[in-house]
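Protein sequences, first through last, are from chains A and B. 1 is the number of the first residue of the first sequence in the UniProt record's numbering; add one for each residue after it. 1 is the number of the first residue of the second sequence in the UniProt record's numbering; add one for each residue after it.
What the hints contain is simulated information worked out from the structure, not anything from laboratory work. Just so you know, not all the hints are guaranteed correct.
Under the rule of at most 27 Å between Cα atoms (straight-line distance), these lysine-lysine pairs were calculated in the DSSO-like manner [as the list claims (entries may be wrong)]:
id	chain 1	residue 1	chain 2	residue 2
1	B	Lys155	B	Lys172
2	B	Lys55	B	Lys4
3	B	Lys4	A	Lys22
4	B	Lys176	B	Lys148
5	B	Lys49	B	Lys4
6	A	Lys25	B	Lys4
7	B	Lys172	B	Lys148
8	B	Lys155	B	Lys176
9	A	Lys21	B	Lys4
Every beta carbon over 10 Å from chain B, so not counted as near; a handful from chain A, in silico [claimed, not checked]:
id	residue
10	Lys21
11	Thr31
12	Pro40
13	Thr51
14	Gly62
15	Gly66
16	Glu71
17	Asp74
18	Gly102
19	Gly112
Here are some chain B residues the structure puts well away from chain A; computed CB gaps all over 12 Å [to be verified]:
id	residue
20	Ala42
21	Ser56
22	Thr107
23	Val212
Where is the CB? At the ideal position from N, CA and C, for every residue including glycine.
So the chains spell out like this:
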Amino acid sequence: MENLSALDDDRDPLLIAENWKKDGKSLAIATVVETWGSAPRPVGSHLVIDTDGNFEGSVSGGCVEGAVVAEAADVIETGRPRMLEFGVADETAWQVGLSCGGRIRVYVEPLG
Amino acid sequence: MDLKALETLNAERRARRAVMLVTDLGDGSGRLVREGDDLAGALGTEVDKAFRSGKSGTVEVEGRAFFINVHLPPPRIVAIGAVHISQALAPMARIAGFDVEIIDPRTAFATPERFPDTTLHAEWPEDVLSQRPLDPYTALAALTHDPKIDDLPLKAALEAGCFYVGALGSRKTHGKRLERLAEAGASHAALASISAPIGLDIGAASPAEIAVAVLAEIIGALRSRGLAATRESRAA
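Working from the sequences, and respecting the hints, build out all of it.
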């Protein structure tokens with residue numbers, strides 16, 4: 001069972017997203033929607049990102065957060081969701097890959 | 001997702017109700033589904049399955065991809081009795097990821113010195129439970145073997161559908177307890193679901209060992225919860 005951890009106002013990305021939105025920030029929510037092999041964060045994990053690049057939560061435990069944050073800026077600007085996929089299989093892996101060898105798919109959507 | 005949906009989702013999560021967000025990955029539209037909501041068709045089947053298993057994932061329904069993100073309430077253990085077993089159970093359960101609360105009206109037992117860092121209610125169970133009701137994501141362990149204190153929360157736990165209900169006491173003590181609870185209106189099936197004597201049968205002797213046996217039994221009940229529901233629905 002996923003999503004069984006206790007709610008924590010300071011760490012729960014969805015509670016943080018609600019507070020940021022009410023503070024007038026524009027933001028995107030990234031969600032792990034699929035994983036293959038050894039993935040650092042389970043399906044359903046969230047990362048919230050605002051227009052200044054502030055972020056809370058995690059989709060990979062640090063491996064691809066940078067790339068997701070960069071994509072989130074576009075998603076917020078265009079208002080269109082985007083599907084991202086990260087793996088480790090090629091030479092770009094060192095920049096935005098998963099060192100554990102898994103693959104993940106991350107859905108990034110604006111909070112309207 | 002819009003702010004309204006997010007607010008509702010967070011409110012449901014805070015209220016300890018099972019809820020999920022179903023996102024159409026084609027157009028990005030999302031809808032909130034509460035446990036018990038009746039959804040027709042193939043998506044309804046997938047939604048039911050996800051609530052039972054607690055597993056989030058992507059499903060294909062009629063050529064469209066939906067992402068189902070399930071949010072089940074965090075599991076909680078309510079122990080009745082600020083006794084020696086509870087003193088060992090509280091820190092162990094916290095390490096295992098449970099929220100723990102202890103209720104005991106006997107103020108000599110329920111002291112912060114005996115239970116550092118633990119949510120402690122030195123009140124009668126009926127008073128605490130009316131404020132903080134039991135629910136299906138809560139385990140209840142009745143540990144005083146005093147009917148005045150244990151009986152009411154045991155009955156309340158059966159009625160709330162707690163995923164685990166356990167009671168301390170010998171078989172003889174438990175036999176008398178079953179008679180009292182039956183008189184109070186508990187059904188035969190509900191009474192049969194009480195784990196008593198409490199805890200896995202590992203020959204636990206000391207209070208700390210009994211706490212291990214209780215915690216292990218609670219974890220077993222939590223993790224097989226979805227499986228039991230699946231078996232029931234197959235049988236139905």
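(message) What's the verdict on lysine 25 of chain A and lysine 4 of chain B, does the C-alpha distance respect the 27 Å limit or exceed it?
(response) holds, 15 Å
(request) With a cut-off of 27 Å on the C-alpha distance, tell me whether lysine 155 of chain B and lysine 176 of chain B pass. (result) holds, 14 Å
(request) Verify that the Cβ of serine 56 of chain B lies farther than 12 Å from every Cβ atom of chain A, and report whether the claim holds or is violated. (result) violated, 4 Å
(request) Assess, step by step, whether the Cα of lysine 172 of chain B is no farther than 27 Å from the Cα of lysine 148 of chain B, and give holds or violated. (result) holds, 17 Å
(message) Please verify whether lysine 49 of chain B and lysine 4 of chain B have alpha carbons no more than 27 Å apart.
(response) At roughly 26 Å apart (the allowed maximum being 27 Å), lysine 4 of chain B and lysine 49 of chain B satisfy the hint.
(message) So glycine 102 of chain A supposedly isn't at the interface. Is its beta-carbon more than 10 Å from every beta-carbon in chain B?
(response) With a cut-off of 10 Å, glycine 102 of chain A remains clear of chain B, as the shortest Cβ separation is near 16 Å.
(message) For lysine 176 of chain B and lysine 148 of chain B, compute the direct alpha-carbon distance and say whether it is at most 27 Å.
(response) This hinted pair holds, its Cα atoms lying about 13 Å apart.
(request) Just double-check glycine 66 of chain A for me: nearest Cβ-Cβ distance to chain B has to come out over 10 Å. (result) Fine: 23 Å to the nearest Cβ keeps glycine 66 of chain A off the interface.
(message) If we take the beta carbon of valine 212 of chain B, is the closest beta carbon in chain A still more than 12 Å away?
(response) Per Cβ check, valine 212 of chain B is outside 12 Å of chain A; nearest 21 Å; holds.
(message) Please check whether the beta-carbon of glycine 62 of chain A is more than 10 Å away from every beta-carbon in chain B.
(response) With a cut-off of 10 Å, glycine 62 of chain A remains clear of chain B, as the shortest Cβ separation is near 21 Å.
(message) A cut-off of 10 Å on Cβ-Cβ distance, and glutamate 71 of chain A was said to be off the interface with chain B. Does that hold?
(response) holds, 15 Å
(request) Decide, holds or violated, for the assertion that all CB atoms of chain B are farther than 10 Å from the CB of proline 40 of chain A. (result) holds, 16 Å
Comparing the model with each numbered hint stated earlier shows that hints 10, 11, 19, 21 do not hold.
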